[in-house]
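Peer 1: Listed below, chain by chain, are the residues.
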Amino acid sequence: MAQKMAITLDVNGTEHEIRVEPRKTLSDALRGDCGLTGTNVGCEHGVCGACTVLLDGVPVRSCLMFAVQAQGKALRTVEGLSTGGKLHALQQAFTDNHALQCGFCTSGFLMLAAGTLEQQPDIDDESLREVLSSNLCRCTGYQNILRAVRQVRDAGKEGAR
Amino acid sequence: MKAGSFEWHPARSADEAVALLAEYAPQDGRVIAGGQSLVPSMALRLAFPSHLIDINGVEEFARVRVDGNELVIGACVRHAAFHVPVEPGPLGRLMVQVVHDIAHFPIRQRGTFCGSLANADPASEWCLLAATLGARMVAKSVRGTRVIPAADWFQGIMTTALAEDELLAEVRLPLLPEGSRAGFYEFSRRAGDYALAMALVTWRDQGGAMQDVRIGAGAVEVQPRRLAKAEAVLEGRPRGTAAIDDAAAAASAAVDPLEDFHTSADYRRDLVGTAVRRAFAQAGS
Chain B
1 MAQKMAITLD VNGTEHEIRV EPRKTLSDAL RGDCGLTGTN VGCEHGVCGA CTVLLDGVPV
61 RSCLMFAVQA QGKALRTVEG LSTGGKLHAL QQAFTDNHAL QCGFCTSGFL MLAAGTLEQQ
121 PDIDDESLRE VLSSNLCRCT GYQNILRAVR QVRDAGKEGA R
Chain H
1 MKAGSFEWHP ARSADEAVAL LAEYAPQDGR VIAGGQSLVP SMALRLAFPS HLIDINGVEE
61 FARVRVDGNE LVIGACVRHA AFHVPVEPGP LGRLMVQVVH DIAHFPIRQR GTFCGSLANA
121 DPASEWCLLA ATLGARMVAK SVRGTRVIPA ADWFQGIMTT ALAEDELLAE VRLPLLPEGS
181 RAGFYEFSRR AGDYALAMAL VTWRDQGGAM QDVRIGAGAV EVQPRRLAKA EAVLEGRPRG
241 TAAIDDAAAA ASAAVDPLED FHTSADYRRD LVGTAVRRAF AQAGS
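Taken in sequence, the protein lines are chains B and H.
Counting from 1, one number per residue, gives the positions in the first sequence under the numbering used here.
Counting from 1, one number per residue, gives the positions in the second sequence under the numbering used here.
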């Protein structure tokens, strides 16, 4: 077994000093070592998108990189979306539009949408569909997810704050 | 579904990366760039490297630039870099079209152009582009640097001319001359899934006739390649439906398709013709 390495992860503005083997994925480190279990792990090989987090502002699959590779990067997870007990605009829109059923894919979709709207606040419908096709929802709530994200985009909230 | 144990060696420069590779390649060491194919392979225990040489921190590998009549793409340039044209000519525009068929948006934020070339999946879009345009691959090791033309690079399914101590430092794509036309079409069952067939075509209109016609097919055979017989059908002919139908038929006849449980050789052969027709249609009138 390879030696554990001492690393620091910056997650939602908080530094987490953890010790991990190089083979530990970022998703497992976030859940098991940082205690941030909002990020869900589905397929563990990059297909489902449930583990999507923001890495320096862009959505990535956290099961497709190792935690040691995330040192020095700004990570954001679903725990960082709400502020002061107030839901993020996307979280509110998901609730209002019934964009979740079992909820397993929700944190991944929220981070995918948040990263996308922050970078492309005026993204057109076709591009948005293409981006949201990245993740799987087995309750097949795609139309409501699309509706929720479009609502936030149209409200001009830039998926933000 | 958890990767096996390995030692991690982050490199800070190209020289350090090839030195680490020289040391660890004989001990089952491999390079990791974007990792979007390697990490899932490790999770599924299809790949079990003992050492990973990580080139994500090598600044010089993150660059894409034009050098003479070539676009030079460094080892760690992400797919997402091509969401916008990286050069103002026809190649930059073509790459914007092609990149949208590569996996999904979050995968494109990590996965790299050169990683796709080194992985050499038969269904890789960038491999098709490299084979059709005649890219040159620059392989670096402690022994020196060599340039490998696309014609020699691909050596079967997920197999390339790269030696185990060599790193694909950059890929050089010839720019398409101004006035070139280009089209790309990919068929897959689901958005973002692997292609079942794809075609990439380029040509120039010269006095009402097609010149310098290139027709490449990918995801059909063990590796992407140009279909010389289909190209010859169009060379010097005016562009029209009948001519393109002839080229599509020639393309279908020329390929030796892969078969799998869901996809018969006949189906793929038929699909190649359709892909060629649609690639020309996609290039516009």
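Hints were generated in silico from the structure; no laboratory data involved.
You may find that some hints are simply not true.
Said to hold, decoys possible - Simulated pairs of lysine-lysine, DSS-like, Cα-Cα distance not exceeding 30 Å:
#1 H:K140 to B:K73
#2 B:K73 to B:K86
#3 B:K73 to H:K229
#4 B:K86 to B:K4
#5 B:K4 to H:K2
Peer 1: Are any of the numbered hints broken by this structure? If so, which, sorted upward?
Peer 2: 3, 4
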